[in-house]
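> Spelled out from the first residue to the last, the chains are:
There are 2 protein chains.
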Amino acid sequence: MNSVIKTILNHRSIRKFEDKPLSDEQIKLIVQSAQAASTSSYIQAYSIIGVKDKEKKQKLAELAGGQNYVAENGHFFVFCADLHRHQLIADQYHQDASENLESTEKFMVTVIDAALAAQNAVLAAESMELGAVYIGGLRNQLSEVSSLLKTPSHVLPLFGIAVGYPAQEPDQKQRLPFEHVYHEDEYQQDQTSYLSQLKEYDQQISAYYEQRTNGERKDTWTGQMARLLSRPTRMYMKEFVEKKGFNKR
Amino acid sequence: MNSVIKTILNHRSIRKFEDKPLSDEQIKLIVQSAQAASTSSYIQAYSIIGVKDKEKKQKLAELAGGQNYVAENGHFFVFCADLHRHQLIADQYHQDASENLESTEKFMVTVIDAALAAQNAVLAAESMELGAVYIGGLRNQLSEVSSLLKTPSHVLPLFGIAVGYPAQEPDQKQRLPFEHVYHEDEYQQDQTSYLSQLKEYDQQISAYYEQRTNGERKDTWTGQMARLLSRPTRMYMKEFVEKKGFNKR
Chain A
1 MNSVIKTILN HRSIRKFEDK PLSDEQIKLI VQSAQAASTS SYIQAYSIIG VKDKEKKQKL
61 AELAGGQNYV AENGHFFVFC ADLHRHQLIA DQYHQDASEN LESTEKFMVT VIDAALAAQN
121 AVLAAESMEL GAVYIGGLRN QLSEVSSLLK TPSHVLPLFG IAVGYPAQEP DQKQRLPFEH
181 VYHEDEYQQD QTSYLSQLKE YDQQISAYYE QRTNGERKDT WTGQMARLLS RPTRMYMKEF
241 VEKKGFNKR
Chain B
1 MNSVIKTILN HRSIRKFEDK PLSDEQIKLI VQSAQAASTS SYIQAYSIIG VKDKEKKQKL
61 AELAGGQNYV AENGHFFVFC ADLHRHQLIA DQYHQDASEN LESTEKFMVT VIDAALAAQN
121 AVLAAESMEL GAVYIGGLRN QLSEVSSLLK TPSHVLPLFG IAVGYPAQEP DQKQRLPFEH
181 VYHEDEYQQD QTSYLSQLKE YDQQISAYYE QRTNGERKDT WTGQMARLLS RPTRMYMKEF
241 VEKKGFNKR
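Protein chains in written order, with UniProt numbering: chain A, 1 to 249; chain B, 1 to 249.
Hints in this document: simulated from the structure, not taken from any laboratory. A portion of the hints provided could be inaccurate.
Any copy will do: because identical chains look the same in the list, a pair fits if it lies in one copy or spans two.
[To be verified] Straight-line alpha carbon distances no greater than 30 Å define the calculated DSBU-like cross-link-like pairs of lysine-lysine that follow:
#: 1; residue 1: K238; residue 2: K57
#: 2; residue 1: K199; residue 2: K16
#: 3; residue 1: K57; residue 2: K173
#: 4; residue 1: K199; residue 2: K52
#: 5; residue 1: K248; residue 2: K238
Generate coordinates for the entire structure from the input sequences, incorporating the hints supplied.
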């Protein structure tokens, strides 16, 4: 197994960091790694905001739901879908590009572009013995986050990534069975085998939690998902995304 | 520079492959690498369809706009946003999760989840001396692609990845200037410097094309973007995505 695959398979989210900032060289290498990812039709439809300011980080931590590792880390990156520069280009070329820029298709393009770049950033960080965790909690209160980061129209903060020197060694979380996620030639829709795969997975996850907590935590993956699904979250998103100029038509 | 960052920075999309299929071991390692990526709240909201069937690949190549490397490669992966298993879980737990599953927020979660996994897959492939290219063209005719791959409701094919043994060595495409993509503490909105960065980038890109084509191709990045923006594409997407159970509220 080569070192790239080793790094990939060794991933675990780090939520506790040493009090040691990343160097400018590390930040630059992480951003350059992000930029090296594929981009749809060369569109490069994202931006990255690196937050160093302590007060801003503290505020972001509160907005993200009180996760202290949003404030306490080596560096905090915010990945944004960004068609702002494309809007400027359209203006320069005297084009009305709004139909295009505001389409659901372009929304998907920007989100995918940003996510590909982000995963490169995370792997680059991990390869430098740093740890990282994605912060989807940034979407809890995106209007406040946007104001804080002063993002213009056609820019949408999607998630954060806290990066730093790891101060913990968490276990890995086991993924869904290969056969459940990977389909050959077409989507396998046999519900019986689908549900039995989930049952088997539940047993594995349940055994893992039991073992890790000395029998205290009784939980399954489908149980976690059922709880997650029972709480509609961030239902303001559709309206907010549209207000920012995305996903309107 | 470590080998992970070397692999990341060495990326270029490969569009011509040797006629040599990936082994099952290679496919499995690529999928396992994909699955090792972070996933929002452990939701694992994607599936991967690996297409081996030659007729299906040929059909996908036509649907994607006649790109022959969609058919001629070592393996063709289709990454799908997938909340189908979550719908089944909600049913099993006697929950009505439709508000949640159909939200724009969950649509973003699934697209980000799938893209993070995909980028791991691409890097894993590249680390094995394979080449890869994302196929956004799969979204040209997504209804036909969905039928061909028999994806159920709450499953949305997002893009393909053609992987294989490279039969070409393309140049790298230079990215936007670091300062243009990376903002410190807040989004830099000084339009003058923003536009001058784009102008400088245009000059670099223009010199690159001139040099590569012996002066034949005159082009800039903003010129390419202006052409891209002048053609609204895949405007059916909003309706189609909603029909599949995503992004409705």
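> For every hint, state whether the structure bears it out.
Now the hints, each set against the structure:
Proximity of K238 to K57 under the C-alpha cut-off of 30 Å is restricted to the intra-copy arrangement: shortest distance 26 Å within a copy versus 35 Å between copies. Taking identical chains as interchangeable, the C-alpha atoms of K199 and K16 are never at most 30 Å apart, the minima being 33 Å within one chain and 42 Å between chains. In this homomeric assembly, K57 and K173 come within 30 Å of each other (Cα to Cα) only inside a single copy, at 28 Å, whereas the closest approach across copies is 34 Å. Taking CA atoms no more than 30 Å apart as the test, K199 paired with K52 passes between copies only; the shortest distance there is 29 Å, against 45 Å inside one copy.
When the C-alpha separation of K248 and K238 is checked against a cutoff of 30 Å, the pair qualifies both within a copy, at 9 Å, and between copies, at 8 Å.
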